[in-house]
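Number of protein chains: 2
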Amino acid sequence: MGTALNTDLYELTMAQSFLEQGKTGPAVFSLFCRTLPRERNFLISCGLSVLIQKLEAFRFGNDDLGYLAGLGTFSDEFLDWLRRYRFRGSLSAVPEGTVVFQNEPLVQIEGSLPEVQILETLVLNTIMYQTMAASKAARIVGVARNKPVIDFGFRRAHMTEAGVLAARAAYIAGFFATSNLEAGKQSGIPVAGTMAHSYIMVFPREDDAFTAFSSSFPDKSIFLIDTFDTLAGAEKIVSLARSGVSVTGVRIDSGDIGTLATAVRKILDKNGLEDIKIFASSNVDEYAIAEWLGAGVPIDSFGVGTRFITSSDAPYLDIVYKLVEYEGRPMFKTSPGKATFPFKRQIVRHAKGGRMTHDEVVRMDSPENTPGLVTTILRRGAGTGSPPSVDEIRALATAQIASLPAGFMTLEKREYPVRIGN
Amino acid sequence: MGTALNTDLYELTMAQSFLEQGKTGPAVFSLFCRTLPRERNFLISCGLSVLIQKLEAFRFGNDDLGYLAGLGTFSDEFLDWLRRYRFRGSLSAVPEGTVVFQNEPLVQIEGSLPEVQILETLVLNTIMYQTMAASKAARIVGVARNKPVIDFGFRRAHMTEAGVLAARAAYIAGFFATSNLEAGKQSGIPVAGTMAHSYIMVFPREDDAFTAFSSSFPDKSIFLIDTFDTLAGAEKIVSLARSGVSVTGVRIDSGDIGTLATAVRKILDKNGLEDIKIFASSNVDEYAIAEWLGAGVPIDSFGVGTRFITSSDAPYLDIVYKLVEYEGRPMFKTSPGKATFPFKRQIVRHAKGGRMTHDEVVRMDSPENTPGLVTTILRRGAGTGSPPSVDEIRALATAQIASLPAGFMTLEKREYPVRIGN
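As they're listed, the protein sequences go chains E and Y.
Note that numbering that gives the first Met the number 0 has the first sequence beginning at 0, numbered continuously upward.
Note that numbering that gives the first Met the number 0 has the second sequence beginning at 0, numbered continuously upward.
Worth flagging that the hints you see were computed from the coordinates, not collected in a lab.
As the structure is a prediction and not an experimental result, all values here were calculated from the model.
Heads up, the beta-carbon is just placed ideally off N, CA and C, and yes, glycines get one too.
Honestly, I wouldn't trust all of these hints.
Said to hold, decoys possible - Quick partial rundown of chain E residues pointing at chain Y, CB under 8 Å, derived from the structure: (1) Tyr84; (2) Arg155; (3) Thr193; (4) Thr309; (5) Pro314; (6) Lys332.
Using the sequences provided together with the hints, build the complete structure.
Rendered as structure tokens:
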């Protein structure tokens, strides 16, 4: 089974023409964001492990070649070139979990021009979403004041692949857990969940549902209390706890959550149930969390779904894969608003007192002896080391975020200085 | 290989508890949008064929069961129930390509309560994105005045699965073609593409690149003219055409496209090249198209990418999968802003003079003899007919869109009357 049709038609027409025109010299493409969204102060690079897997699987199968032949566009020689295609070039990148900014290369790919041209769509598609999801997650964690944030977004992700990889990206960026079982299995991420309104509704009374659930799961009881009336639900939880049932927490999923959480907290505390946690879901994002916590609303944990997993305030990045070097010559275009910087590059980060101050994006030496964030991951198509675990990536992201300049983890816009060297 | 871990943890904890508590009676869940985004006047239902495929593949493999056992949450009895799980219930739905509105059931699933509960995440994830993509595409086509619109979004889709299915959804909604080869192969959609800036840049001069491309593809030449200077690029195209090269069109991908397209048109026309088409890409969406065409900008075709494929002005739908009936009894909750309507339902559409006027969402009779948009697709887990082809679905969508009330295909907000019967 081939996977290499996950690309745009023009990558292949260009590649055929490059081969016909003898344009097969060494080329370097660079993946970077031209600008950051107004709503982001930094990005967390994410998706490199998945990209390496996809590059290794990037093959044109017989069914793919048959389809392409049927288009009537491609020569037999070119179809044979596709049949034999294996990526044998080099790939350098910043490690997953690294903080990056505008104009900084996340991934740079080197090889013969047609060999690296046809990877454009795959590389952009693989890196953009995961980096966007990790960056959105980091922003949410940044305002949550160390209260656990859990990914509930799978159902509204743009299909399953995005949902599973967003859960991984969010964990890397500091989320506590995910509801997504496939992500839990694939990446070893902690999984969590409570109950839906449908559970409550099939019992004759709400407290019957609570009792039933606690008898099935005596140790893991977070009760959804807003199906009919949130405050009445909280009173039923008080009775339940008094009857000896272990109650870990309550979840509020509708209404004016700030007001309701405050009232529920009072009901619980008045009855000596200070240990029961309040969990908020429903349209939760960094803006809601900042508002609640700024107003002292007693919420202990957040379930974030749709707005995280679609990165709804910034659902794409201005990310591109641009030819920067061909046969050793600098490549750049001058299109308005889309100017690019030539040459393979290294990112040199400067810090003071443990906080980053500014970056320089400098031309990569040959031999590559300027220390910086970019390292070689594949050389002539083969890996240069073993990939880090998800927990190692998460630890890197945590350390990177801790070294951001003051104010970058707030919702106010900050611009980080990135200097482009000659 | 199982695929059934593409779900949320709580679906399985609830299912285990339902089984333990004897809550295994017949249940009906309904998938619908509570409200439409402010930026959408209607939706095009899309994703049913993929949902049927995913339901058929919904199995817990040994590796999945091993993972679940390791969580320490589930009983051996329940894991065995999962091992034997096959969907054997019924599914009714509106056909793909149907215009739908708020509170109208796109999909309704019936079976024993735990059997249909655990499908929630899958059903939402599968239908939301495809319906959203088709709806965004229809809105774009609606303002494009019959000029061809082409999907260029794959690279910025939220991973490959979304990209491939968005191309299908867009074609159903009236797009002319896609750049996405995998979608072309899977769904038989026309594919199209031009060239990237990288192609131009590796040649010594821009006109060398144009000549080289036309020698590789004499019949399919759309030239990208904005790499350095768009108007100078247009002059080079004039020379190229005069030298006898067949030029189908030019593409402009940056700058002030309205002004540039007008100037390029003048250059071409002045030289007797009225037949050369102008193709616009870069940040194209329905708002840009409406502005250009409203101002008389001479663009012949549009490449839409990022803003289409992420549905960036409305990147999610307020879509839910709600229990509406259990053991023949109505199920509803009263959470503020999240009230639901009980019972399995039919959609009855009323029209006058070929234009739809209002819908009624009525309780489904038993036997089901109210004619309407909802039909049975699966009965006891088996299909009741052969699925329509993509072209048949596209034809249905075209006819449906043609019968929308006046004004619904504009960018002004319209509210369609949907009455909920008792």
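Tested hints:
1. Tyr84: It is violated, given that the least Cβ distance between Tyr84(E) and chain Y is near 14 Å, above 8 Å.
2. Arg155: holds, 5 Å
3. Thr193: Result: holds, 6 Å to nearest chain Y Cβ.
4. Thr309: With a minimum Cβ separation of about 4 Å from chain Y (threshold 8 Å), the hint on Thr309(E) holds.
5. Pro314: holds, 4 Å
6. Lys332: holds, 5 Å
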